[in-house]
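Visitor: Residue numbers (this note's numbering), protein chains in the order written: chain A, 133 to 604; chain B, 80 to 289.
No lab work stands behind these hints: they were computed from the structure.
Since the structure is predicted, the reported quantities are computational estimates derived from the model, not experimental observations.
Just so it is clear, CB atoms sit at the ideal spot from N, CA and C, and this is done for glycine as well.
None of the hints are false.
Pair ranges (Cβ atoms, derived): (1) A:ASP432 to B:LYS126: 17 to 23 Å; (2) B:ALA82 to A:VAL460: 49 to 55 Å; (3) A:ALA475 to B:GLN233: 51 to 57 Å; (4) B:LEU81 to A:THR366: 20 to 26 Å; (5) B:PRO101 to A:VAL167: 32 to 38 Å; (6) A:THR366 to B:MET80: 16 to 22 Å; (7) B:GLY150 to A:SER223: 40 to 46 Å; (8) A:VAL460 to B:ASP169: 25 to 31 Å; (9) A:VAL346 to B:ASN242: 52 to 58 Å; (10) A:SER223 to B:LYS126: 20 to 26 Å; (11) B:LEU86 to A:ASN224: 24 to 30 Å; (12) A:ALA373 to B:PRO130: 45 to 51 Å; (13) B:LEU81 to A:LYS355: 32 to 38 Å; (14) B:ARG237 to A:ARG528: 53 to 59 Å.
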Amino acid sequence: MTDTDHHSAADGVRAGAPDRLGRLDRADRRPARIVARLTGQALGPYQSAVIRIGFAGTWLLFLLREFPHRQEMYGPDGPWSFDLAQQLTASNHAFTVLMWADSQVWFELVYAFAVFSSVLFALGWHTRATSVLFLVGVLSLQNRSIFMGDGGDNVIHLMSIYLVLTRCGQVWSLDERRARLRAERAGEGADRARTDRAGTDRAGAVLWAVLGAVLAVATLAGKVDGGFAGGWLTVLWGLWAVQGLWWSAGRYARSDQPRILLDVVANVVHNAALFVIMAEACLIYATAGWYKIQGSRWQDGTAVYYPLHLDYFSPWPALSGLLSASGVMVMLVTYGTVIAQVAFPFTLFNRRVKNVLLAGMMTEHAVIALVLGLPFFSLAMIAADAVFLPTSFLRRLGGWATRAREGLARACGRLSSRVARTRLGRALPGPREGAPRPAETAAEAGTAAGTGTAGTAEEPHVGFTAVPTPSP
Amino acid sequence: MLALVALAACVHLGMVFLHVAPSNTVTKQHGRAIDEWIYPEFEQNWKLFAPNPLQQNIAVQVRAEVKATDGTVGTTQWYDLSAADGRAIDGNLLPSHTQQNELRRAWDFFVATHDTTNRPNGLRGDLSERYLRRIVVLRLDREGAGGPDAVVQQVQVRARTTNVPPPRWSEEQVSDKPVLRQLPWWPVAEKDRAAGTRPVDRTGTMASGR
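Excised from the complex, chain A in its bound form (with noise of 0.2 Å):
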């Protein structure tokens, strides 16, 4: 994980502290501190917030653009049709309700509701079921057609499996507007989350009762692949179990007990899944680089120029023309992509090392969505790398998303700009929020993580790890 922000925060406190016990005194406590932060925090909640943002806008907007294309590319007619399509799940196991049935209308319906899943995981409302909707929609159409897509769909397809495990929905989201709201209207009572929990999250009561139903019809029909252990009925019923128990926990336990508990297990998995996503990030980097070293292309300094000039990736041959045609910068861009990208894992050890490369490497995508054709791909990459931005970085993007917000709306006139004021983007983080729902709400979670693990929140919020406390 990039803990660099947090090392440059860890490298201040430990100057002030040059005696020998006081030294001794931190290694001891360190491995207990590192518990404390993984099971007390979710981290990197603007990272996360990000790519939650990043994947399911790329993915959203890939199906905007493909609409006029949606039969040919995943409808039940389509030259892979329903048929093909049948035999090869049939033999590899792939997760697609596109194969429940083979009906036009059902297609119809399985590719709104993508898209709308996507909408609503973007916007972070009710992040936790619909980022279970987004891997629905985003797993039923890729795996309905898997000759369609290429490495931009790859990483859509994990990174929708592993944001299922993340509490993405900490900032940016409707979820922390909601919360913000509500604590801003219980006022600053302790226990006002519990009086009010009840009552306001009825569209995360309903949501969970509707989702049940829809699945308990699927798994009588039998729709639903796999048995007990690892298959999808498994993960589908386990995750509504999840939000399930998680409600009651907040509605009816006595104690706050088993809501901490919750709480640190949400905080762990976020912080696991997190981690996975780096990692897989850095895998992607590490095989696309390794494996060019090995080709005699890539060491003559001549490869860049020959995907410039294939017919599928080239749409501005003029433009693929000049960028080649200087052998020198050819090859500087060759060893330059080589090194980048076998360099980058090990970047992550040193922030200001890193966020050179990470500026470098959004950059190179963004170049190649134009120059090779594959703005999907470069958008999926470009969010990809954003869970490596830092967070003092991030804050300031958000705080420009609010002004510039604000800005059009107050050209827009009055009303306009009071929408803009209570959405997202708030530079103003609000307390934390996003694991399972329903009726979880910020303030709880907050003081949930607050009272679980004392001490956490004397730590310096730097870099990383900078989730605000809650405002009381």
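Model the placement of chain B on the given structure of chain A, informed by the hints.
Guide: Just chain B now, kept in the frame of chain A:
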């Protein structure tokens, strides 16, 4: 709990690592366990333009035997479907997967599942053949092959592979002669016709077509 989750994350990453790594001692011994963990949902391939980028333009072309409405049977010209894709991509900020991936990947799939004499290797080979056939029938229909209301009865596919000419600043020489791989004629059955490509007068043409 923490240890359990950490263990699961590490095992998963280990599996993914072994899946993307070159064949090695561990993957040779435990390939099956790795595959069972990875497939189908965690499958991935990040050899992007590696070890070497593709250095050939592969054009998939097709011609058809069509039956016109007056009953005459004729063979069409070769249609260069990849060139049509290329034209659709040219100057396009947002190329569609149907233009960039569909035919290109279908041909890759076909090549990967057939031997050099074009014999399929099992189920996937069979699927790839039917997929390719449905694509070309759909494309021929869009091209209006054989005139209005003509029915495609057979198709023949070939791939024309041309080396990308070496850069001007390089002294390398490669052949600029295209290499052809021609597949046998395939009869087109009713199930090979994708949406919208079925004969208008179904009963009449089908009866005479068979």
